[in-house]
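Visitor: Here's the letter readout for the chains.
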Amino acid sequence: MWSDTSQREWAAPSAPAAVAKAVAISSDIPAVQPKAHAMTGFLQIEKLGKAYQNDKPVFADVSFSIDKGEFVCIIGHSGCGKTTILNVLAGLDTASTGHAFMDGREIAGPSLERGVVFQSHALMPWLTVRQNIAFAVKSKWPEWKTPQVNVHVEKHVDMVGLLHAIDKKPSQLSGGMKQRVGIARAFGIRPKMLLLDEPFGALDALTRGTIQDELMTIVRQTQQTVFMITHDVDEAILLSDRILLMSNGNESGGSYVPGGLAEVVVNPLPRERTRAQLHHLPGYYDMRNHIVDFLVSRAKAH
Amino acid sequence: MKTTHLNLRAAMVSLLMFLVFLGAWQLSATAPSVAGAAKAGMTAEEIEYQKMMGKDPGAVKTTGFPPPLEVGKAMLGHLADPFYDKGPNDKGIGIQLAHSLGRVALGFFLAVLVALPVGFMIGMSPLMRKAFDPFIQVLKPISPLAWMPLALYTLKDSEVSGIFVIFICSVWPMLINTAFGVAAVKRDWLNVASTLEVQPLRKAFLVILPAAAPTIVTGMRISMGIAWLVIVAAEMLVGGTGVGYFVWNEWNNLSLVNVIFAVLVIGVVGMLLDLAFAQVQKAVTYVE
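First to last, the sequence lines map onto chains V and W. Going by numbering that gives the first Met the number 0, the first sequence opens with residue 0, and the numbers climb by one from there. Going by numbering that gives the first Met the number 0, the second sequence opens with residue 0, and the numbers climb by one from there.
With the rest of the complex left out, here is chain V (with noise of 0.2 Å):
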């Protein structure tokens, strides 16, 4: 089963075996996971709730854990708070209830130890692309000199295939270059974990595929704890070990229900998956299937 709580920490990538059990089984799930699993994750996060009205949270009970080193995706419609989630993580907002901890401390503000990568870009426009990471690295290293920040930026530009671009101002550049910048700059600062607020959402789908790639193959290298929001399911597929689903709070019968986590979904795909062989992988599409049923049917009501 896709939502398993029992087999949720891990689902063994490449043995087939367990593909094809997980393919089998349909998906009836419990959308909380026992208490005692979110202790042990590199990031925790408990009860989370948020409300703009006392008594029609937008969403509530949000508990998941992340461990080290694992990708894991958020998909949802608008307005279900996954940005909220994100944003509570970064430290930029905060939570009407529940707690989130990184590393066994609690999350109270932001912190250079979360990269976060906006949807926008967010580049200072008036910065050229060697400044604008500069000013991150600056950031977390003040003490560094001139040279030392150089080398860092230029290693972290070049790592995104930007070095012939690094005096450019960001309205020089397209689109996906910007994105591109915005992941060097959260990479440059060597963050604990990575907050991607749906950055591929802008981009043409041909730009999308190629920074997916590049992202992920960094990924893989660097061994980065990431959560990703994205509206893209086989970006999630791609990218992500686990993806949680979350749904819209919503009315039924005269009583409100707030959104929350539905479901995680584990990727049982082998981790060395390329966005080429992605659609050929033995259970991908019973996986994608399951993603889109729930969104089409399931996500608005809980």
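FYI, nobody ran anything at the bench for these hints, they're computed from the structure. Do not take every clue at face value.
[As the list claims (entries may be wrong)] Pairwise CB distance ranges (calculated):
1. W/L274 x V/P146: 39 to 45 Å
2. W/L78 x V/A201: 57 to 63 Å
3. V/P146 x W/P199: 24 to 30 Å
4. W/R201 x V/V291: 56 to 62 Å
5. V/R297 x W/E287: 37 to 43 Å
6. W/R201 x V/S77: 32 to 38 Å
7. V/H98 x W/R201: 29 to 35 Å
8. W/V283 x V/H98: 40 to 46 Å
9. V/H98 x W/L274: 57 to 63 Å
10. W/L78 x V/Q171: 42 to 48 Å
C-beta atoms are modelled at their ideal positions from N, C-alpha and C, and glycine is treated no differently.
For this one, chain V is given, so just place chain W on it according to the hints.
Guide: Chain W only, in chain V's frame:
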């Protein structure tokens, strides 16, 4: 190619308009009045009487308005020796301009010192914005010259009062634009600064200031325009030195030639100031 062509044609039209204007000026300035014709029907005694009354019918009367050539000559004279100083009522235009520019610069600089920090505070804090709002709304529409009596009474110095008037008229556009620019800094950039744990001062100078700079400089440009308008009037009131005093002094001397020259100088200097700020604006503007 096409733009140069357009520019060339525009320059031709400008030149044409200028020549038409000069021609009209020349004609109206030199047109004789009708007095000469009246002489014909008068007896010698009548003419004598008219002369005694100061109304010489034989004299060729003009409007008294100087023709362009005369103004041109005076201009060359002034520009040839702009820095002479022959006592309090006779100084070269260069010296007068220097006085005016000095006052404007000082008043404007003081306004920057006040408007930028206060604008930052108002822009960053919704509480301060609401708290300051009534004062700004009431003080902003007051003509800067209306402050003059109060300034003269409290500051007891006409020179300082002139600078104060420049300060008070420059401060509002700068303050309002700074507050607006700071408040309108994109949330994303502030979020980036937060996630990078950037210290408040560093954030103010490296993120908010460059982000708001185009708006702030626009405010400064408006302020400078107003300051240059106001300095002429202020110097007419306060007297002593400056291009405004020069205009008033030459009016008292009934030297319209010099008044016209001063008016032109005020226009050209104002244009140069505005161009300078346009350059600054260009330097701080960014493309998103």
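Visitor: Evaluate each hint against the coordinates.
Guide: Hints versus structure:
As the Cβ distance of W/L274 to V/P146 is approximately 40 Å, the hint placing it in 39 to 45 Å holds. For W/L78 and V/A201, the hinted distance range of 57 to 63 Å is satisfied, since their beta carbons lie about 59 Å from each other. One distance hint, 24 to 30 Å for the beta-carbon pair V/P146 and W/P199, holds here, with the actual separation near 28 Å. For the pair W/R201 and V/V291, the beta carbons lie near 46 Å from each other, so the given range of 56 to 62 Å is not met.
Checked against the given bound of 37 to 43 Å, the beta carbons of V/R297 and W/E287, roughly 39 Å apart, stay inside it. About 35 Å separates the C-beta atoms of W/R201 and V/S77, a value consistent with the hinted range of 32 to 38 Å. Between V/H98 and W/R201, the C-beta spacing of about 30 Å keeps the proposed range 29 to 35 Å intact. For the pair W/V283 and V/H98, the beta carbons lie near 43 Å from each other, so the given range of 40 to 46 Å is met.
A hinted range of 57 to 63 Å for the beta carbons of V/H98 and W/L274 is consistent with their spacing of about 59 Å. Between W/L78 and V/Q171 the beta carbons are some 46 Å apart, a value that agrees with the proposed interval 42 to 48 Å.
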